[in-house]
Every structure is written in structure tokens, then in C-alpha cells.
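Assemble the whole structure, with the sequences as input and the hints as a guide.
Protein chains: 2
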Amino acid sequence: MTVAVKNGLRGQILDESARLFIEHGFNGTTINDIAASLGVTRTNIYYYFKDKKEILEELTGDIFMTGRMIAKKAAEPRADPVLALRELVEIFARVVLSNPVRYRVIERNEGYLGPELKVKVAAAKKKVFNDFRSVIQEGIGAGAFRPVDAGSAALAIIGMCSWAAWWYHPDPKRPIDGLIQFFVDFVLNALVPAGGRRRSRLDARGIIENVRNELAFLEKALS
Amino acid sequence: MTVAVKNGLRGQILDESARLFIEHGFNGTTINDIAASLGVTRTNIYYYFKDKKEILEELTGDIFMTGRMIAKKAAEPRADPVLALRELVEIFARVVLSNPVRYRVIERNEGYLGPELKVKVAAAKKKVFNDFRSVIQEGIGAGAFRPVDAGSAALAIIGMCSWAAWWYHPDPKRPIDGLIQFFVDFVLNALVPAGGRRRSRLDARGIIENVRNELAFLEKALS
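First to last, the sequence lines map onto chains Y and F.
All letters in the first sequence, in the order written, are residues 673 to 895 by our numbering.
All letters in the second sequence, in the order written, are residues 673 to 895 by our numbering.
Hints were generated in silico from the structure; no laboratory data involved.
Don't take every hint at face value.
In this list, chains with the same sequence are indistinguishable; a pair is considered to hold if it fits within one copy or across any two.
When the alpha-carbon atoms are kept at most 30 angstroms apart in a straight line, the in silico DSSO-like pairs for lysine-lysine are as follows [said to hold, decoys possible]:
| no. | residue 1 | residue 2 |
| --- | --- | --- |
| 1 | K725 | K790 |
| 2 | K845 | K724 |
| 3 | K845 | K790 |
| 4 | K792 | K745 |
| 5 | K845 | K725 |
| 6 | K722 | K745 |
| 7 | K845 | K792 |
As C-alpha cells, then:
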């Protein structure tokens, strides 16, 4: 899956601006700084972007793309909520890890977006949250996930993946596919009940037995 | 557990400055803004703080406090890695949720810290990471946790909790204790192998939680 086309000067301007906006803030970065940092002229920059604000606004694109990809996947009919959640986590983690700097720049400089775009970014984020929550809620209803608070679980997952933008630096020795699978595995183990892939919603006997075992263990621990 | 004393004007200045630094950035906030926002005079502010930078530096205090609390806990001898990780998650989540705005301000304005403090903040964060990783690694060695990459697990946990600073707003209808327990439950389920609680002799709370979850599941199945 290709997440972002970064080739060419246009992509380099976006990446370098993101880096500078994070390091020096949006206000602390000029078009001159961006040009100097890339070893090009201001004119080269103005060929692609009207001004600094347009660069920042373009950088919010990843948020909307993620939102669309997640929404598309969440809207598909699904037989298996575990598989559906796996796919949402894969999409989200891949966007963050594919371009951590771009992902971070929004969080750091949201205040400088125009009011209209600010509202759109907030709506896109809210939609991603709602999509995660719905899939988790559905999985709980189907007995595929433990009965946790679906909203908190959605926020935990989004937080876990988003934070990677703060610590992951692209590194061939640490390919993103391994990390994506780590996130998927972490999330599914957190939500799927022990032995739960086999458990149907009607397995009352299994539950009673599990509770009995847990109580017996507790009794033993206390004596 | 008391995490931060926030009473008095001094605490109010810190909280209001944090809010303004996040909203308008450190450069976009003046001592006048802080005074006006609190309905006090500049002199009132200068009674407590030499300048704006001193306020920001004071706000990094939470990072160091968290670091010390985590380090103290991680250095204690432990019979049970599950219990030890539970306690680390509790401490960390409580600091973030007790004052989400203060926690966020550092991430947003780190660039404005003096070089010396910047190095110290980075070291404190690194220490927290190392402490989480060690406890997880030890738990894997003892067979209490699944054999995951301990470093990735530490980052996932820190990210999940840290991100709460972006979405949690203090709300009596959503007390932090419930969220802290949600995080603990999410993390332990992610890491403890299915049926693995039987290996941990001291985790009575985990057992109670498991029983409660099972009963909730059963109730849901029956309705």
C-alpha cells in the first residue's frame, strides 16, 4: 500500500517544512528558512506554494486521507469484527509510521490553521474515533471482544499508534511492518477474551467455569 | 495519592499559562495575557515568577516528578512482575490524567526550554521508558508476560497513557480512577498470556476484574 507520494521537490518542501515547523514552530519558520534548508531559492518554493500557510494546510492532508481510508474500511460489511479491527489498526499505524514527522506537525501547529480547516481537521479526527469505536462496539456485541468501554478502547488504540509519530524515526533496521504487526497483536490480545476466538456469545458454561477457576485461585492465594 | 498541589495563585498561574501556551504557543503568549486571563496584575505574576520562561520551566516539573515516582517503584524489589507493571501504569496514567493540560504543554513547547533543561527532560523521558521496558522484560523472563518486544510494549503503553492528555478533560462524570483501571486492564490483557494469571500469586485485583468481566459478558449474553 502506498501511503504518500513524496518524490520531487514538492514533497521535499512538505517534508522539510514539517520538520522546521516542529523544531521552530510555524511562527518561527520563514519561507527563506525552508528554501535555505533545501538549498533552493524562494522562487522554487513559491512555484509550488502561495505561502507558508498553504504548506501547513497541505500537510493536514494526511489526516484527511487516513480518515477516508478508515471510513471506507469501517463501512464495509464485515463477518469478523476481529479482522475488521485488525485492518483499522493496520491502516492507522501505517499512515503514522510512514511519515511520522508530517503526522506530528499538525498536533504541534493546529493553532495556525484557518478556522474552516481547523473545524474540518477536528471532524476528521472525530470520525476516525467513531469508526474505531463502532467496530469495537460491534465486536463486543458479537462476543468477539471483552465488554470494555468501546470509546476508551478506541482512544487507547489511537493514542498508542499516534504516539509513534513522536518516537519512530524511519530506519531500515526497524521496518514499519514489524511495528504494525506489534500494534495489531497488542490490541487484539488486549480485547479478545482469553480463549475468546473460539467462544460464542452463548458459551455460558465456559464463562461459569472460568469464574469458578478464578475464585478457586483467589481462595488459594488468600489462604 | 496526591499528584500536584494546585491551590493558590501560584498554581493558577501555572495552569493558566499552560492553557495559553498550548492555545497560542509560548511565543504568542505574554505575561500580560496571563495576568489578564486570571484577572490579576503583572506584578502579581512577577511575585511568583521571574519571567515567562521560568513558568514554562516550572511546568516541566511534572515530567521529573513522574520520572522519580516511576524510578522509585521500578527500583523496588518485586515478587510479581504483573503487579509491578500494574503499579507503573497506575502512576503514569494518574499523572497524565490529573493534569492533562500541564502534561501537553511540554510536548508543544519543548523547543523553548533552555538547552540544559531540554537535555534533562529528554533524560527523564528516557528513564521512564527504560523503567517500563525493564519491568516488562523481567516479566517476559519470568513467563508472566508473552514474549513481545519489551521496548515496543513500553512505547505502546507510554503512548496510550500520554495521548490521554490530548483527549481527557477533567469531568466529575468521568472520574480518572475508572480510566486508570481501564488502562491497567488493557495493558495486562495485552501482555499476560491467556490463562497466565494463574502464574501470578499476588494479582487478586486482576482476578476480581476478570470475574467481573466474565459476569458482565454473561449478563450481556443472557439479555
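When the structure is checked against the list of hints, which entries are broken? Sort them ascending. When the structure is compared with the hints, numbers 2, 5, 6 turn out to be violated.
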